[in-house]
Amino acid sequence: MYKFLDPADIRRLKNYEFGAKAMVEGYLSGRHRSRQRGSSIEFHEFRQYTPGDDLARVDWRVFARNDKLFLRTFEQETNLECHVFLDCSASMGFPERSARLSKLEYASFFAAALAWWVISKNDRVSLTLFDHGIRKFLPPGSTRKHLHEILSTLEHNTPGSGTSIAETLARALPLLKRKGTLVILSDFFEDPATLFKALNPYIHRGFRIHLFHILDPGEIQLEDRGLSRFIDMESDANLTVHPHALRESWHREILDHTRSLRALAAARHADYALTATTDPYFTLFDRMRD
Amino acid sequence: MSLLLQHPALFGLLALACLPVLVHLLSRARPPAYRFSNIDFLRRVMRRTARIRRPKDWLLLALRTVALLALAAAFISPFLVSKDAALPGEKTTVILLVDRSASMVAREGAGSRFETACAKATRYLEASRPSAANLIWIDAEPDAAFLEPGPNLDFLTDLLKQAEPRPEPGALAAAFDLALRQLAQASGRRELVILSDFQATAWRNFAPKLPPNVTVRTERIASSAPPNLAVTSLIPQPTEPVSGQDLTVLARVRNFSADPVRTQLTLDADGARQSQAIDLPAWGEAEAAFTLRPASAAPLPLTVRTEADAFPMDDSRHAVVRVRDSLQLALDLPADAPEARLLGKIADVLPWLEISAPSAATRPPDLRFVSPWNGENPAALRKSALSGCTLIVRPAASCPTAALQTLLGLPSAPEGANPTLETSPTGWPVAPEESHSAIHLFRTGDFGNPFAGTFRERLRLARSLSEIAGARPIASYADGTPALIEFPTSAAPILLWNLPLDPAKTDWPTQGVFLPAIAEILLRTRPLGSADSSQVLPGSPLVWTSADSSHNGAVTLLGPENKPVGLTESTTPDGTLWQARQPATPGLHRWQISGQTIDFVAVNFPESESDLRPLAESPAFGKKVSGTDSLARQAALSQGLPLWPWLAAAALAFLALESLIHSRTHKDARLKT
Numbered sequence: 001m002y003k004f005l006d007p008a009d010i011r012r013l014k015n016y017e018f019g020a021k022a023m024v025e026g027y028l029s030g031r032h033r034s035r036q037r038g039s040s041i042e043f044h045e046f047r048q049y050t051p052g053d054d055l056a057r058v059d060w061r062v063f064a065r066n067d068k069l070f071l072r073t074f075e076q077e078t079n080l081e082c083h084v085f086l087d088c089s090a091s092m093g094f095p096e097r098s099a100r101l102s103k104l105e106y107a108s109f110f111a112a113a114l115a116w117w118v119i120s121k122n123d124r125v126s127l128t129l130f131d132h133g134i135r136k137f138l139p140p141g142s143t144r145k146h147l148h149e150i151l152s153t154l155e156h157n158t159p160g161s162g163t164s165i166a167e168t169l170a171r172a173l174p175l176l177k178r179k180g181t182l183v184i185l186s187d188f189f190e191d192p193a194t195l196f197k198a199l200n201p202y203i204h205r206g207f208r209i210h211l212f213h214i215l216d217p218g219e220i221q222l223e224d225r226g227l228s229r230f231i232d233m234e235s236d237a238n239l240t241v242h243p244h245a246l247r248e249s250w251h252r253e254i255l256d257h258t259r260s261l262r263a264l265a266a267a268r269h270a271d272y273a274l275t276a277t278t279d280p281y282f283t284l285f286d287r288m289r290d
Numbered sequence: 291m292s293l294l295l296q297h298p299a300l301f302g303l304l305a306l307a308c309l310p311v312l313v314h315l316l317s318r319a320r321p322p323a324y325r326f327s328n329i330d331f332l333r334r335v336m337r338r339t340a341r342i343r344r345p346k347d348w349l350l351l352a353l354r355t356v357a358l359l360a361l362a363a364a365f366i367s368p369f370l371v372s373k374d375a376a377l378p379g380e381k382t383t384v385i386l387l388v389d390r391s392a393s394m395v396a397r398e399g400a401g402s403r404f405e406t407a408c409a410k411a412t413r414y415l416e417a418s419r420p421s422a423a424n425l426i427w428i429d430a431e432p433d434a435a436f437l438e439p440g441p442n443l444d445f446l447t448d449l450l451k452q453a454e455p456r457p458e459p460g461a462l463a464a465a466f467d468l469a470l471r472q473l474a475q476a477s478g479r480r481e482l483v484i485l486s487d488f489q490a491t492a493w494r495n496f497a498p499k500l501p502p503n504v505t506v507r508t509e510r511i512a513s514s515a516p517p518n519l520a521v522t523s524l525i526p527q528p529t530e531p532v533s534g535q536d537l538t539v540l541a542r543v544r545n546f547s548a549d550p551v552r553t554q555l556t557l558d559a560d561g562a563r564q565s566q567a568i569d570l571p572a573w574g575e576a577e578a579a580f581t582l583r584p585a586s587a588a589p590l591p592l593t594v595r596t597e598a599d600a601f602p603m604d605d606s607r608h609a610v611v612r613v614r615d616s617l618q619l620a621l622d623l624p625a626d627a628p629e630a631r632l633l634g635k636i637a638d639v640l641p642w643l644e645i646s647a648p649s650a651a652t653r654p655p656d657l658r659f660v661s662p663w664n665g666e667n668p669a670a671l672r673k674s675a676l677s678g679c680t681l682i683v684r685p686a687a688s689c690p691t692a693a694l695q696t697l698l699g700l701p702s703a704p705e706g707a708n709p710t711l712e713t714s715p716t717g718w719p720v721a722p723e724e725s726h727s728a729i730h731l732f733r734t735g736d737f738g739n740p741f742a743g744t745f746r747e748r749l750r751l752a753r754s755l756s757e758i759a760g761a762r763p764i765a766s767y768a769d770g771t772p773a774l775i776e777f778p779t780s781a782a783p784i785l786l787w788n789l790p791l792d793p794a795k796t797d798w799p800t801q802g803v804f805l806p807a808i809a810e811i812l813l814r815t816r817p818l819g820s821a822d823s824s825q826v827l828p829g830s831p832l833v834w835t836s837a838d839s840s841h842n843g844a845v846t847l848l849g850p851e852n853k854p855v856g857l858t859e860s861t862t863p864d865g866t867l868w869q870a871r872q873p874a875t876p877g878l879h880r881w882q883i884s885g886q887t888i889d890f891v892a893v894n895f896p897e898s899e900s901d902l903r904p905l906a907e908s909p910a911f912g913k914k915v916s917g918t919d920s921l922a923r924q925a926a927l928s929q930g931l932p933l934w935p936w937l938a939a940a941a942l943a944f945l946a947l948e949s950l951i952h953s954r955t956h957k958d959a960r961l962k963t
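Protein sequences, first through last, are from chains A and B. Residue numbers for the first sequence follow this note's numbering, so the first one is 1 and each next one is one higher. Residue numbers for the second sequence follow this note's numbering, so the first one is 291 and each next one is one higher.
These aren't lab readings, by the way, just hints derived from the structure by calculation. Everything numeric in this text was worked out from a predicted model, so none of it was measured. Honestly, I wouldn't trust all of these hints.
A few chain A residues facing chain B, derived, Cβ under 10 Å [claimed, not checked]:
| id | residue |
| --- | --- |
| 1 | 90 |
| 2 | 91 |
| 3 | 222 |
| 4 | 229 |
| 5 | 240 |
Some but not every residue of chain A turned toward chain B, in silico, with C-beta under 7 Å [unchecked claim]:
| id | residue |
| --- | --- |
| 6 | 96 |
| 7 | 189 |
| 8 | 227 |
All C-beta atoms, glycine included, are put in the ideal place defined by N, C-alpha and C.
The following block holds chain A by itself, in its conformation from the complex:
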């Protein structure tokens, strides 16, 4: 039994499958088509020869009939490579001592289910735990052993210190050999422009990106706790405020922030979704299937 993998969730995920969005590159034959032309068995189309094409791929029968050079192209079936980036900064430990799941626990549940699901489809999944930098990187794998390693890593993971997604993405780029699906689970208390500046290399390399913004309901709408001394979970800085006086402004600020993230994501053809830790994470799978 793994802490973050519920058998009920596994039963439900068995019927899930990536859709058109998931047409990504892999090196194992699988159920996912790739536009990368290859020499697999499934014919795709004829294409007129252009200088520089591999002469080995010329269909000489067609040439014999028409006296024109045509190439035969085939679609290559490849496996999915999914890279999961899990924010393990201290802020993801919010809320502490609460009946609700912390953001890290919620993200871990989702990451575990996603890893199981990808591996169950014979695809490959990698896991990157980060806070202000990469804390742990598990390279892509599709074996049971790899899944066990991912689940064990998630179980023993604890919130770390401050966050720097940009730094993490910059460092992780050389580690990801092949393009695939990039899933980032974070509370994204970061400047959206900086975040997407760091994502640009991934986008240019053809990664399909999912940004899953995980917030506690108490962060979406500040709880009225009376005058309180707010202590930063990452920096231990404190601030004494009346939450009720800031509730409206905070909510407006969060909405502005998410609106900004969504707009930048849409401009770069990336997927963005905000989810509360009280919502079921299957909605995120739904987004990945579309």
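Following the hints, complete the assembly by docking chain B onto the known chain A.
Below, chain B without anything else, positioned relative to chain A:
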């Protein structure tokens, strides 16, 4: 203004104001800790909302602080004292000048101006509690409550409560003179407090000199003027008609409002009524003429009324016309003169004309015919004209021009030589001057020339006599020689007669127009008379004297609406004198002996009081007047105004406001949660 503290020992209570600040600081010191995901983000939000949020906190803190400060200050019992306030132990003398003239009857709001003035004067006395005070009424005859300012303030307040306004003008100069004389005798601080509507017509040009050591306080009672219609004059013409003669009554009505008005004017002549509708422009006046013909020789009371308005005192005006049964014509000519015989016959024919010898008459005659006048005693003759007797003078040929100059009151002798007698066998025709009222009847020509016939003897008088300023020719000979000229005087006119009446020298008396012409000349040139003899100003005493001892105990006086007026009876060298106990009020009063009316007295509302418009500002009297604050406030400040009730109320108000803001803030927070 000065601030005095009644309990300065409690000054330390002001430190209570620090309490909310301390509570605020202490409550901020140890709030519960709450580990939160991102303070930087929260801090950024806080920076943006600080401008909105902080004032609310500071407002609550400020309200709590100010409320406690006000509460603590209330315990110290501060007093606000005027800079003009008397020093402790200093004597203060106050003279209240309260206007009770007719304009103070006007109503503004719930009460009249006078009621407001009395109420404010009472409040001022009660608030200021001066060492000595006196009350002087501004009316026709100002008088004081005390001979000198006294300490009995209760008596003055009783007087103010019982007083009534008077329908009479206010004698401002007399009232101020009385007040300043009393203040001059007083020691210590001296105050003159004037409560009036400051009616513009009365106060505009009034500028008394006030001593510098007298503090003047004014309270303007009136703020606006209600629309008012007033009958401002009533003139009967003639004032003493003979019975059967047409009497014209001219009534002038004035509109004291900014809107044009149409009103009904009614004349009541001893029960006989006539009415006319008149249109009055805004702030304008109109005149209406009523014509009536009194049948009997008796005093005829006249009353003209407009429709009732908000200020009814001046809606009517009264006059008394003494209708005569005849005019007295005194003949100052030889008894055997042909003119005497002719005039005697005329008097026999005309029922309203009686011949009387100058010496035998009990009263001065209305007309006096002097012929021929050789120039003797011109001054005495003129004096009789000035005393109200129309003088008809036919100069003799020997009359010098200097005598004529004196008689007519001319600044220089008429041009030309002395009058000379001239005759003509054929005679000279005489033509009337149609512009003169004596010729009014003949103006249409239906009755022919009033001076028909020929005149064979005349005096050669200078033509320039007709051109003298004020001279009004009645008839002239064809060559321009004056035949009959009227020279008006202040009382009765002097007629220069140059028409022979001797039948041997003229055939005019045989003409059919002779009698009406003579009658018209005598009627139209009779003395003007005056209706003032029956007029008494409001506020004046009503007096009747009689030398007949049989009247004792039988004389009564009925006031307006036939209400009996109390009389005092006293004996004087001229006989018994009856005087009304109350001053005259507007309306018709009638003196009666044994129930029979023997005379009327008309008392009319003073015209100057009808314009109710006040001055734009209270008069300053050439010095700084404390008129901006109400009298009660000034009095309270001079005594020291305790501020603790205000401070306590302010503290409660601040606390209520604080709790309101606080509860609303929390309510909003709960709703959002």
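Point to revise | Hint validity - residue 90(A) Cβ closer than 10 Å to any chain B Cβ | key: holds (8 Å)
Review point. When the nearest CB of chain B is found for residue 96(A), is that gap smaller than 7 Å?
Key: The hint holds - residue 96(A) has a Cβ within 7 Å of chain B, the shortest such distance being about 5 Å.
Exercise for review: Could you check if residue 189(A) really has its C-beta closer than 7 Å to a C-beta on chain B?
Suggested key: Result: holds, 4 Å to nearest chain B Cβ.
Check your understanding: Does residue 229(A) pass the interface hint, meaning its C-beta sits closer than 10 Å to a C-beta of chain B?
Key -> holds (5 Å)
Practice item. Against chain B, run the beta carbon of residue 222(A) and see if the smallest gap drops under 10 Å. Key: Nearest chain B Cβ about 8 Å off; hint holds.
Exercise for review: Classify the hint on residue 240(A) as holds or violated, based on whether any CB of chain B lies nearer than 10 Å to its CB.
Suggested key: holds (5 Å)
Check your understanding: Hint check: is the beta carbon of residue 227(A) less than 7 Å from a beta carbon of chain B?
Key -> With a closest approach of 4 Å, the residue 227(A) hint holds.
Check your understanding: Should the hint that residue 91(A) touches chain B count as held when the rule is a Cβ pair under 10 Å?
Key -> holds (4 Å)
Consistency with the previously given hints is maintained throughout, with no hint failing.
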